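A.B. asks: Spelled out, the chains give:
2 protein chains.
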Amino acid sequence: MKKKSIAIDMDGVLADIELQLIEHYNKATGKSLSKESIEGLSEEDAFTDRTLVREVLNADNFFRTLPVMPDAIESVRQLQENFEVFIVSAATEFPVSLAEKIAWLGEFFPFIKWENIILCGSKRIINTDYMIDDHCKNLDYCMGKPIMFTAFHNVNQTHHIRANNWKEVVAVLNQTVS
Amino acid sequence: MKKKSIAIDMDGVLADIELQLIEHYNKATGKSLSKESIEGLSEEDAFTDRTLVREVLNADNFFRTLPVMPDAIESVRQLQENFEVFIVSAATEFPVSLAEKIAWLGEFFPFIKWENIILCGSKRIINTDYMIDDHCKNLDYCMGKPIMFTAFHNVNQTHHIRANNWKEVVAVLNQTVS
Chain A
1 MKKKSIAIDM
11 DGVLADIELQ
21 LIEHYNKATG
31 KSLSKESIEG
41 LSEEDAFTDR
51 TLVREVLNAD
61 NFFRTLPVMP
71 DAIESVRQLQ
81 ENFEVFIVSA
91 ATEFPVSLAE
101 KIAWLGEFFP
111 FIKWENIILC
121 GSKRIINTDY
131 MIDDHCKNLD
141 YCMGKPIMFT
151 AFHNVNQTHH
161 IRANNWKEVV
171 AVLNQTVS
Chain B
1 MKKKSIAIDM
11 DGVLADIELQ
21 LIEHYNKATG
31 KSLSKESIEG
41 LSEEDAFTDR
51 TLVREVLNAD
61 NFFRTLPVMP
71 DAIESVRQLQ
81 ENFEVFIVSA
91 ATEFPVSLAE
101 KIAWLGEFFP
111 FIKWENIILC
121 GSKRIINTDY
131 MIDDHCKNLD
141 YCMGKPIMFT
151 AFHNVNQTHH
161 IRANNWKEVV
171 AVLNQTVS
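Here the protein sequences come in this chain order: A and B. Reading the first sequence from the start, the letters are residues 1 to 178 in the UniProt record's numbering. Reading the second sequence from the start, the letters are residues 1 to 178 in the UniProt record's numbering.
Treat the hints as calculated values from the structure; they're not laboratory data. What you were told as hints is all true, and nothing was included just to trick you.
Within a straight-line C-alpha distance of at most 20 Å, the following computed PhoX-like cross-link-like pairs (lysine-lysine) qualify: (1) K4/B x K113/B; (2) K113/A x K137/B; (3) K2/A x K137/B; (4) K137/A x K2/B; (5) K2/B x K145/B; (6) K3/B x K145/B; (7) K145/A x K3/A; (8) K137/A x K113/B; (9) K167/A x K145/A.
Since this is a predicted model, take the numbers as computed values, not measurements.
Assemble the whole structure, with the sequences as input and the hints as a guide.
C.D. replies: Listed below in structure tokens is the structure:
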């Protein structure tokens, strides 16, 4: 039987962009934001200096040096046994990030082939059986079944199946094939 | 009514990769390939030194300096009136090409927003109403209606609607909305 397909987001799902953005933002502004202090806020309310955020996201090596989300590597490898895994990342807004994201995946997820990597803008024309993402703008309109990966900005959204971490993602998806 | 969507390929469709590859290949090998001499051949039979081809495609500025296909700019702008246009290019195999393709589109197709650009590997999970491409590997399995854009390597394929140039693409697509 043909494996079902999953689109997996990078920033906030495979890569801990939250942690790195907080560090860069605090360093530049002298603020002391933390994961706890921004929980439940929108991105705009958490990081109010939007010009600075764009500078950070456009800077060399920001995306290349993101920490990997806990358990992500082993979980994705495990999911590949039962699913066809695609990495689908919104990236064309930040051209510097493009090659960095490929290099980052090559370092941490070398078992993902280039054929299965999509760097896009909108995810509206991506058609997979499942989509794992942290943003309603992607999940609300996706063609497959949405799974919301917990991030500071989405904790108050309740209309999607939620996974708080990678172990929960695997548990939710394995239920569907058992 | 919601506009129908089109996925438009870059290499061989918006960008004349054939011309530039022939020039680079001839310069490196001393051969004298031409568009006419390779017509009907597969890419492997036309450009037999595959290592050289990979070197050329991985070189800085190869993709950034591709010529625009005749009538492509005006045609795409015209299609945007009736369709939602996405640029969908297989690019993740060649990381150097990624930012260059965004810059190239920014120069020649500034009316295409970053949201509508997809740099991918396989196009199997792209779901648009139409796909314009020069490769059977993309058109044979696409979810929408395929339109084959003529290239040296596909002239003997007869199982898709064909457009020999951009004026023919517009004519074919405008029939569908008239």
